[in-house]
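Student: Chain by chain, the residues:
There are 2 protein chains.
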Amino acid sequence: MVDNVVQELTSDESWKLLATVELGRIALSVGGQPDVFPVNYYAGDGKVLFRTGEGTKLSELAVNERVAFEADEHTDAGGWSVVVKGSARVLVSTGEIAAADELPLRPWIPTIKYNYVEISVDEITGRRFQFGPEPERYPV
Amino acid sequence: MVDNVVQELTSDESWKLLATVELGRIALSVGGQPDVFPVNYYAGDGKVLFRTGEGTKLSELAVNERVAFEADEHTDAGGWSVVVKGSARVLVSTGEIAAADELPLRPWIPTIKYNYVEISVDEITGRRFQFGPEPERYPV
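Taken in order, these protein sequences are the chains called A and B.
The letter at position 119 of the first sequence is residue 118 when you use numbering that gives the first Met the number 0, and the numbering goes up by one with no holes.
The letter at position 81 of the second sequence is residue 80 when you use numbering that gives the first Met the number 0, and the numbering goes up by one with no holes.
Just so you know, the hints here were simulated from the structure itself, not pulled from any lab data.
These figures come from a predicted structure and were not determined experimentally.
There may be inaccurate statements among the hints.
If several chains are the same, the list does not tell them apart, and a pair holds so long as it fits within one copy or across any two.
[Stated by the list, open to error] Think about it this way: if two alpha-carbon atoms lie no more than 30 Å apart in a straight line, the pair counts; the simulated DSSO-like pairs of lysine-lysine are:
| no. | residue 1 | residue 2 |
| --- | --- | --- |
| 1 | LYS15 | LYS46 |
| 2 | LYS84 | LYS112 |
| 3 | LYS56 | LYS112 |
| 4 | LYS56 | LYS46 |
One chain only, chain A, in its complex shape (with noise of 0.2 Å):
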């Protein structure tokens, strides 16, 4: 069994990978039924932003506010997977939305987005891997 070539990330690790990618994608859940989306975003200070229209993404999540939250990046040889867990809401407040307005959050898609969704992170877990065969399987 090889184990050295998956190794868990520490928080501060973890926080820095976000901070380098501006795609993930936010998992959510209605009556059981998962859904995801690719958005993109900005990570820090313990919280990860995004912009969204209205749409189905908001009003999922407005009947549940728990998501979790994924971004990896990957080359030939290797590369790292995060996910968080958390309560997003969508910031109301104008000094909120002032302050969200000055962060690097770069929408990608020109379309009009205004509402700022965020997600107050609880838990955040990191793998980095490193690719390769994979060993022989036996019989079980």
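Could you slot chain B onto chain A? The hints should help.
Tutor: Leaving out everything else, chain B in the frame of chain A:
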């Protein structure tokens, strides 16, 4: 409002794009808490397949088989994202496992993953988007 920068894809287009990428993310949900994992996968014939060892993914799937699965790709100019929703189950019959062994599903991480998980897809949606500056936001 610029709408032509986001293009809805047909089911056929979405399946074709899914087949061009090997890394996706599966979203699960247990008791209203979503979870999300990167997986390398094979997509075709109305199904998405991936392999996994014993672990959180497998135990969460045992509680709730409903899943969402996403893959995407982007350059500086634009990208696409495909999302499927469906039910996941672990393959158990020798015949199914033998057939799955023939698929071009290359595990990236060299640890032993005995289980094939197959998502029967109920719904597939895809979007292609162009990146660009956001239009001016006006006060709501």
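Student: Find the hints from earlier in the document that the structure breaks and name them by number, from lowest to highest.
Tutor: Of the numbered hints given earlier, the structure breaks none, since each of them holds.
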